[in-house]
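With the hints as extra help, turn the sequences into a complete structure.
Those protein sequence lines, which keep their order, are chains A and B.
Add 15 to a position in the first sequence, counting from 1, and you land on the number used in the working numbering.
Add 275 to a position in the second sequence, counting from 1, and you land on the number used in the working numbering.
Hints were generated in silico from the structure; no laboratory data involved.
Just so it is clear, CB atoms sit at the ideal spot from N, CA and C, and this is done for glycine as well.
Be aware that a few hints might be false.
Have a look at the derived ranges for each label pair, beta carbon to beta carbon [what the hints assert, rightly or not]:
hint: 1; chain 1: B; residue 1: Ala-387; chain 2: A; residue 2: Arg-249; range: 54 to 60 Å
hint: 2; chain 1: A; residue 1: Arg-247; chain 2: B; residue 2: Gln-496; range: 39 to 45 Å
hint: 3; chain 1: A; residue 1: Lys-142; chain 2: B; residue 2: Asp-339; range: 47 to 53 Å
hint: 4; chain 1: A; residue 1: Gln-183; chain 2: B; residue 2: Tyr-350; range: 33 to 39 Å
hint: 5; chain 1: B; residue 1: Gln-441; chain 2: A; residue 2: Met-16; range: 56 to 62 Å
hint: 6; chain 1: B; residue 1: Lys-349; chain 2: A; residue 2: Gly-55; range: 16 to 22 Å
hint: 7; chain 1: B; residue 1: Ile-366; chain 2: A; residue 2: Ile-19; range: 28 to 34 Å
Under 7 Å between C-beta atoms, here's a sample of chain B residues computed to sit facing chain A [said to hold, decoys possible]:
hint: 8; residue: Phe-434
hint: 9; residue: Val-506
hint: 10; residue: Ala-516
hint: 11; residue: Glu-519
hint: 12; residue: Ile-524
hint: 13; residue: Val-597
hint: 14; residue: Gln-598
The calculated lysine to any residue pairs, modelled on SDA-like cross-linking and capped at a C-alpha distance of 25 Å, are [stated by the list, open to error]:
hint: 15; chain 1: B; residue 1: Lys-542; chain 2: A; residue 2: Ile-259
hint: 16; chain 1: B; residue 1: Lys-485; chain 2: A; residue 2: Glu-43
hint: 17; chain 1: B; residue 1: Lys-522; chain 2: A; residue 2: Glu-235
hint: 18; chain 1: B; residue 1: Lys-352; chain 2: A; residue 2: Glu-60
hint: 19; chain 1: B; residue 1: Lys-431; chain 2: A; residue 2: Glu-43
hint: 20; chain 1: A; residue 1: Lys-153; chain 2: B; residue 2: Glu-472
hint: 21; chain 1: B; residue 1: Lys-478; chain 2: B; residue 2: Leu-378
hint: 22; chain 1: B; residue 1: Lys-485; chain 2: A; residue 2: Arg-105
hint: 23; chain 1: B; residue 1: Lys-498; chain 2: B; residue 2: Ala-415
hint: 24; chain 1: B; residue 1: Lys-533; chain 2: A; residue 2: Arg-265
hint: 25; chain 1: B; residue 1: Lys-576; chain 2: A; residue 2: Gln-290
hint: 26; chain 1: B; residue 1: Lys-576; chain 2: B; residue 2: Ile-557
hint: 27; chain 1: B; residue 1: Lys-349; chain 2: A; residue 2: Val-30
hint: 28; chain 1: B; residue 1: Lys-361; chain 2: A; residue 2: Lys-325
hint: 29; chain 1: A; residue 1: Lys-325; chain 2: B; residue 2: Lys-349
hint: 30; chain 1: B; residue 1: Lys-379; chain 2: B; residue 2: Ile-320
hint: 31; chain 1: A; residue 1: Lys-277; chain 2: B; residue 2: Asp-550
hint: 32; chain 1: B; residue 1: Lys-485; chain 2: A; residue 2: Lys-325
hint: 33; chain 1: B; residue 1: Lys-349; chain 2: A; residue 2: Gly-85
hint: 34; chain 1: A; residue 1: Lys-258; chain 2: B; residue 2: Gln-592
hint: 35; chain 1: A; residue 1: Lys-180; chain 2: B; residue 2: Met-590
hint: 36; chain 1: B; residue 1: Lys-379; chain 2: A; residue 2: Arg-79
hint: 37; chain 1: A; residue 1: Lys-153; chain 2: B; residue 2: Ser-473
hint: 38; chain 1: B; residue 1: Lys-361; chain 2: A; residue 2: Glu-60
hint: 39; chain 1: B; residue 1: Lys-478; chain 2: A; residue 2: Leu-205
hint: 40; chain 1: A; residue 1: Lys-33; chain 2: B; residue 2: Asp-550
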Amino acid sequence: MKLIVISVLTILLLVTAKQALYTVDEVEQVIITQFGKPVGASVTEAGLHVKMPFIQEVNAIDKRILEWDGAPSDMPTKDKLYISVDLFARWRITDPLQYFLRLRDERSAQSRLDDILGSETRNAVAKHELIEIIRTTKDRVPMRDALLSETERDSDMGNLVPIKKGRQLVEEEIFTAASEKVQVFGIELLDIRFKRINYNESVRPKIYDRMISERRQIAERFLSEGNGEAARIRGNRVRDLNKIQSEAYREVEEIRGLADAKATEIYAQAYNKNQQSIDLYEFTRTMQAYPAIISNNSTLVLSTDSDLFKFLNGIDPQ
Amino acid sequence: MNSQQDKWNPKNQSSSGADELKKMWVSLFGTQPPEGSPKRFIFIILFVLLGIIAWSSVYTIPSDSVAVVQRFGKYLKEVPPGLHVKLPLGIDSAVIVPVKRQLKQEFGFQTAGATDPFQSAPGKHNGVQETQMVTGDLNAALVEWVVQYRIESPSKFLFEVRSPRQTLRYVSESVMREVVGDRTVDEVITIGRQEIESEALIKMQTLSTKYAMGISIDQVQLKNINPPRPVQESFNEVNQAQQEKEKLINEARREYNKVIPLAEGEKDQRIREADGYRLKRINEAEGDVARFNSLLTEYSKAPEVTRRRIYIETMEQVLSNVQSKVIIDSASNNLLPLLNLDSSSIKAKSGESK
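Put into structure tokens, the structure is as follows:
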């Protein structure tokens with residue numbers, strides 16, 4: 016009997032003790048409410064704490080940096096381009112009491128952030144051209160494909176349109192405008208960044224068409240460059256061929272001319288030495304010619320007056 | 276209590292079990308356990324509870340991790356790998372954090388069999404949306420990449436940011452778009468990949484430190500980068516046109532190289548041939564002249580006789596070959612010479628002979 020009483024009392028004691036003690040995790044900050052109304056300051060120190068059992072309740076609020084990811088929504092830029100924008104932001108609950116009173120739970124906090132951040136983003140995007148939201152560095156010079164030609168480098172293709180502000184400044188504008196508005200909820204906005212920016216479905220075909228025509232232009236340029244260079248080389252081929260062949264002709268003729276001249280000089284020197292050499296040359300050369308000219312079917316009518324046949328007339332002709 | 280015989284008897288099983296417990300109780304606590312079946316029941320439960328408590332206060336940490344121990348929720352210490360003991364019943368909690376393992380997150384694609392839920396984008400269609408980006412020349416591109424990171428500070432990782440891995444995914448997407456947004460589509464697809472990877476790494480690390488996530492980024496690797504699907508064909512056309520250009524130029528060069536060296540060779544050949552002609556003519560001339568000069572020397576010693584001799588020798592040779600000869604006496608000029616023109620293959624040679 017006594018044992019049952021003791022065990023029941025022990026159980027009651029344990030339950031009460033459990034109700035009077037609570038832990039606060041490193042990541043939590045706690046508001047103690049009594050019958051639904053908050054009492055005292057927020058408890059931020061981690062560890063074991065004491066409260067009134069049964070009457071007081073523990074409401075734990077996250078102490079960490081929380082994330083907000085907006086749903087992507089379509090909005091127009093200043094230059095009338097429809098883009099789909101997806102932001103993310105980081106925030107933390109700095110005044111848990113205020114947060115608890117105004118918002119009570121995270122779902123309503125996220126929805127408030129949706130409203131505020133969504134509208135500030137829309138404002139900022141409508142005030143800027145698309146290029147200001149896409150690009151960050153003002154004076155960046157892009158790398159160039161080495162295969163592009165001079166004219167392409169001069170054209171707008173592959174160039175970066177210059178910007179005045181850039182993405183970071185636009186993000187800061189949204190941040191400044193929104194962080195003021197959320198302070199009243201006990202929330203501190205830490206920063207905002209664009210997570211995704213894409214063309215809206217309706218704008219995409221136009222963008223793709225532009226890209227396609229840009230590429231086609233580059234492709235045609237390559238082809239015409241190739242043809243032009245090939246024609247130039249072919250022209251070189253004909254020119255060089257003519258040059259070589261005509262040079263060959265000239266040099267050959269020069270050499271042959273020199274050869275003929277030299278030979279003539281040698282002959283003339285020998286044959287023209289004196290009257291005797293001239294006579295001899297004429298004689299021997301003609302003697303050389305007779306066998307070549309007179310063949311076996313020539314008809315010769317000769318006279319006995321010749322040196323060869325004069326002896327036919329007698330022993331001692333005149 | 277005949278335990279030996281009763282062991283094999285199923286009806287006596289409970290009593291032998293109770294005997295075992297009693298013996299254990301005695302060995303542990305030194306007193307006899309109280310009698311009565313409800314009390315026995317309580318002892319059994321208490322014993323089991325003690326076992327569970329003992330089990331829950333022992334934990335192991337694998338060699339690539341550490342554990343962060345909190346007592347009543349307050350940070351206590353960081354514990355290295357091995358077997359450790361903590362206070363049970365929810366007083367101490369140990370969270371195991373893999374600090375030495377290299378973790379990765381994929382963007383724009385998924386490899387199958389991933390155990391980390393943050394490795395890829397949740398949901399099936401988000402993979403495509405992750406890759407779509409706008410470049411600095413207001414063109415579009417599709418980019419896939421991988422981020423490799425490690426958990427550097429376990430306490431920061433657990434206590435500073437609520438969902439550091441989710442935040443890392445946001446940071447990664449945001450930074451990649453910022454870096455791509457500063458570049459032309461050509462840089463993104465072909466020539467600027469290295470630069471993009473290093474700039475993205477630096478920016479992500481800066482943000483990760485600023486956000487105090489306790490994460491250090493090891494590497495950013497770009498995977499497939501493509502222009503959007505409807506445009507891909509025209510990008511291929513550009514590549515093909517480049518190759519076509521090279522081909523045209525090479526063909527023309529080949530033609531040139533086929534012809535010109537050959538022409539050069541032929542030119543040399545002709546010049547050498549002309550040289551040969553020159554030498555031949557000079558040598559022949561010199562030979563002829565030498566022969567003539569020797570003859571001239573002898574001739575000048577006895578010109579008349581030499582002339583006569585050569586004349587008669589030549590005539591001998593020439594006239595003996597001629598089949599048709601007519602010798603007419605010069606004194607008889609009354610006779611009309613008749614030429615027999617019927618003779619076969621005799622050409623009329625009208626020569627005035629002396």
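Does the structure break any of the earlier hints, and which numbers would those be?
-> 26, 28, 29, 30, 32, 33, 34, 35 and 40
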